[in-house]
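Engineer: Following the hints, put chain B in place on chain A, whose structure we already have.
Okay, here's what each chain looks like letter by letter:
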Amino acid sequence: MTHGELEDAIPLYAIGALERGERQVLDAHLLSGCSSCHSALREFQAVAAALPFGLDIVAPPRLLRATIMAARASNVGPDTTGRTSELSRLGPGKWIDHVSQPDSHSTAAWSSILPRWILGPAIAAAVAGGYMAWSTYDSQVADDPIALAQRKEQADSAASQLAELQRQLEEREQSLTRAREELHRSLADMADLKDQLIQREAELDVLKARLDQYEKRRPRTPEDELAVLLRTPTTKAAVLAGTEAARDASGIFLYDRRTRKAWLYTLNLPACPAGTEYRLWILNEKPVNVGAFHVGKGETAHLFVQSAPDFPDTKALSVSLEPVGGGPQPSGALYLRSDL
Amino acid sequence: MRQDLEQAASTIDPVLLSRAVKGDHQAFSRLYDLSGTLLYSLALKILGNREDAAGLLQEIYLEILKKTARYDVGRGTPIVWLITLTRNRAIDRLRTGGVRAKGRAAPLLNGSTTERATDQPSGSFDARADQELRQLILAAAAGLPPAQREAIEMAYYAGLSYVEIASRLNLPPETVKTRIKLAMTKLREALGEGEERHTRS
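Line by line, the protein sequences give chains A and B.
Heads up: the first sequence begins at 1 in this note's numbering, then just goes up one per residue.
Heads up: the second sequence begins at 1 in this note's numbering, then just goes up one per residue.
No wet-lab data here; the hints were simulated from the structure.
All C-beta atoms in this analysis are idealised placements derived from N, C-alpha and C, irrespective of residue type, glycine included.
It cannot be assumed that every hint is accurate.
As the list claims (entries may be wrong) - Simulated pairs of lysine-lysine, DSS-like, Cα-Cα distance not exceeding 30 Å:
| # | chain 1 | residue 1 | chain 2 | residue 2 |
| --- | --- | --- | --- | --- |
| 1 | A | LYS216 | B | LYS22 |
| 2 | A | LYS315 | A | LYS261 |
| 3 | A | LYS236 | A | LYS216 |
| 4 | B | LYS66 | A | LYS152 |
| 5 | A | LYS286 | A | LYS315 |
| 6 | B | LYS66 | B | LYS22 |
| 7 | B | LYS67 | A | LYS216 |
| 8 | A | LYS208 | A | LYS194 |
| 9 | A | LYS297 | A | LYS261 |
| 10 | A | LYS261 | A | LYS236 |
| 11 | A | LYS208 | B | LYS66 |
| 12 | A | LYS208 | B | LYS22 |
| 13 | A | LYS236 | A | LYS315 |
| 14 | B | LYS67 | B | LYS22 |
| 15 | B | LYS67 | A | LYS297 |
| 16 | A | LYS194 | B | LYS66 |
| 17 | A | LYS236 | A | LYS208 |
| 18 | A | LYS194 | B | LYS22 |
| 19 | A | LYS286 | A | LYS236 |
| 20 | A | LYS216 | A | LYS261 |
| 21 | A | LYS194 | B | LYS67 |
Said to hold, decoys possible - From the derived model, a few chain A residues whose C-beta atoms are all more than 12 Å from chain B:
| # | residue |
| --- | --- |
| 22 | HIS3 |
| 23 | GLU225 |
| 24 | ALA241 |
| 25 | THR300 |
| 26 | SER338 |
As the list claims (entries may be wrong) - Simulated DEER-style distance windows between Cβ atoms:
| # | chain 1 | residue 1 | chain 2 | residue 2 | range |
| --- | --- | --- | --- | --- | --- |
| 27 | B | GLY143 | A | GLN306 | 33 to 43 Å |
| 28 | B | ARG70 | A | ARG200 | 15 to 25 Å |
| 29 | B | ARG168 | A | GLN199 | 18 to 28 Å |
| 30 | B | GLY143 | A | LYS315 | 52 to 62 Å |
| 31 | A | ARG257 | B | ARG70 | 29 to 39 Å |
| 32 | B | ASP72 | A | PRO233 | 23 to 33 Å |
| 33 | B | ARG70 | A | GLN213 | 13 to 23 Å |
| 34 | B | ARG70 | A | ALA227 | 21 to 31 Å |
| 35 | B | GLY143 | A | GLU223 | 45 to 55 Å |
| 36 | B | ARG70 | A | ARG178 | 39 to 49 Å |
| 37 | A | LYS216 | B | LEU62 | 27 to 37 Å |
For reference, chain A alone in the conformation it holds in the complex (with noise of 0.2 Å):
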């Protein structure tokens, strides 16, 4: 296809119209980058997209909006909420050592796996097995001092382990408080930097956007035309070398015979003398001009041409110095000379 059929294919392309072969020979042309057809393609797919404007406009059911929000929800929340959901998938008790590391005393490492609910009924529970033991033989050993100072001691014992025990319990539920209000500020505030970081991302995106228009509508400075030529595949290159009017000049051209660009480099060539420019030239069966540039003293020099002709039987290429807007042919001497 040539780019005039491409181009023509455009709008069929965008409307989903093309052939399925016709659609990846156009997807291969925009994929090595024709701008003017991206251009267009744009334009194109806005009026495709304009369409559905025009339809009878009818609403989802509500309940569409819901089983999405629903859905949405489900799918998020691993990674919104992903520290609680790990807690909330946890056995009765475990969660809290997610909260608090655990204890090496014993007391307060049962008393972390045992839920809160278990831990006040059996302090309880202690506290009247203790006084209905106490009260069963509190008749056999009234009238025995040894065994009622030594119920005494035991009783105390019991008080003391209870007061510890309460003790325990208030600074585990005083922790656990100062965890859970922690977890919450932690939340709220990875909560905090996930908004910021969306809108960051969100903010980057167009930015770049922006960034690409630029990019875009740029004009190309010859050292850019230079940069694309050498990525360009189909680039081919030759090097000239100085002749016996300058020994120590050469040069490098490059010639991307598809886009028809193409660059000169030169090093070392005298200066121009006043009314005097170099002029390259194409030597076919008789020698086409290319392009004229200017050398001035100790300076290296470049020439770029956006549209050179075609030259597929080009034997040679030369640089010779030329007046000033000179005529057809090479007049002056030669300086530089490539055979190809």
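Structural biologist: Frame of chain A; chain B shown alone:
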């Protein structure tokens, strides 16, 4: 004016889409409220019944969330991307035969009536920018010769290639190709002129 722009399907902000894709709940809800009605209408037009249209929409919004479908700012506005995605998925379903029997086939591009269900979310397609674009495309489509309009409709809403359309209409493929190209070019010019008038005003 700014508020009006923000509420229109045709002017969805790339930032809103970007935020929605990245897990912002409010942005995702807003994206749905702005685009859902238009995309549902398109899916319904192509698939021909409400169940399949609703199923397709659910699939598309989840694809957006799971980033299976990715928006590239260099390839057009968010609504162009969303419409293209919906249209392509609907045509895929149509071709693979995963669609129930078609219901009432609404006329294409006539815009004669605007069906509104009672449970339509408020402001989903009432924005000035959307209505202006609607009037513009209706006027442009009405100005096309019927044969060109028919070719466009068969390609866009039935997913037929120009060769398939030619076969159905018993015409040479080149004729259909030319009709589509001319119609698209006229629509582009009409939309461009409308945009210019809007910019000047």
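Engineer: Hints the structure violates: just list their numbers, smallest first.
Structural biologist: 4, 15, 17, 29
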